[in-house]
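Chemist: One letter stands for each residue in the lines below.
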Amino acid sequence: DTEVTQTPKHLVMGMTNKKSLKCEQHMGHRAMYWYKQKAKKPPELMFVYSYEKLSINESVPSRFSPECPNSSLLNLHLHALQPEDSALYLCASSREYGGPSGQPQHFGDGTRLSIL
Amino acid sequence: AQTVTQSQPEMSVQEAETVTLSCTYDTSESDYYLFWYKQPPSRQMILVIRQEAYKQQNATENRFSVNFQKAAKSFSLKISDSQLGDAAMYFCAYRSAQTGGGADGLTFGKGTHLIIQP
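Sequences listed follow chains A and B, in order. Using our numbering, you'd call the opening residue of the first sequence number 1 and step up by one each time. Using our numbering, you'd call the opening residue of the second sequence number 1 and step up by one each time.
Please keep in mind that the hints were generated in silico from the structure rather than gathered at the bench. We treat Cβ as the ideally placed atom computed from N, Cα and C, and that holds for glycine. Just to be clear, a hint being listed does not mean it is correct.
[Unchecked claim] Computed, partial: chain B to chain A, Cβ under 8 Å:
#	residue
1	Ser42
2	Arg43
3	Leu47
4	Gly105
5	Phe108
6	Gly109
7	Lys110
[Stated by the list, open to error] Quick look at which bits of chain A chain B covers, simulated, 3 or more residues with Cβ under 8 Å:
#	stretch
8	45-59
9	85-92
10	103-116
Construct the complete structure from the given sequences, taking the supplied hints into account.
Modeler: So this is what it looks like as structure tokens:
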């Protein structure tokens with residue numbers, strides 16, 4: 001069983017819909033991440049949250065809006081997505097952010113998103 | 001910027017045999033971390049092994065071991081006694097020891113698809 005839980009596992013939405021992806025961890029980790037993974041490609045970093053504050057936004061379009069309501073929860077709000085946004089969205093967490101700790105990131109199972 | 005290269009898109013090995021997956025990287029930093037992650041069809045990225053660049057000793061985890069050559073910027077993964085459950089996509093990943101500016105994110109190679117022949 002994964003220690004990082006993502007819901008839903010699958011999501012199909014139209015280009016005008018608004019939906020949200022949810023990620024939860026109860027390991028006491030203070031850094032959380034969103035990655036996007038296209039088929040047969042490696043994951044690409046989208047956002048990093050450290051202590052509930054957005055630390056990194058890798059030039060992601062504004063139709064993706066992250067939110068970290070508390071240290072255990074990370075959301076990704078979706079609005080007016082394009083067909084090219086169809087991908088696997090992975091959430092990860094690590095004990096802390098940055099620095100010389102080298103703490104590994106623990107990943108969830110991902111949400112498979114399809115845009116019609 | 002750092003880059004990670006996995007030159008083997010696909011590898012095949014007989015069950016119980018040993019296989020080595022290659023990974024090279026490019027960086028100007030002296031301190032960093034390297035990881036191997038496994039992603040089976042179930043999609044979850046699973047940490048296989050971790051190596052600190054300042055440690056000369058190669059990391060091992062049961063049947064998994066690495067050959068870390070810092071000067072050559074090489075970080076290969078050896079899987080001994082291959083099992084059917086080892087079949088997956090394997091990603092090599094780099095993480096800077098610095099903080100900020102995207103340093104905390106993982107930079108992944110393109111992956112190697114490992115097939116285990118029964």
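Chemist: Now tell me if each hint is right for this structure.
Modeler: Evaluation of the provided hints:
no. : hint    : in the structure
1   : Ser42   : 7 Å, holds
2   : Arg43   : 5 Å, holds
3   : Leu47   : 5 Å, holds
4   : Gly105  : 4 Å, holds
5   : Phe108  : 3 Å, holds
6   : Gly109  : 6 Å, holds
7   : Lys110  : 6 Å, holds
8   : 45-59   : holds (count 6)
9   : 85-92   : holds (count 3)
10  : 103-116 : holds (count 8)
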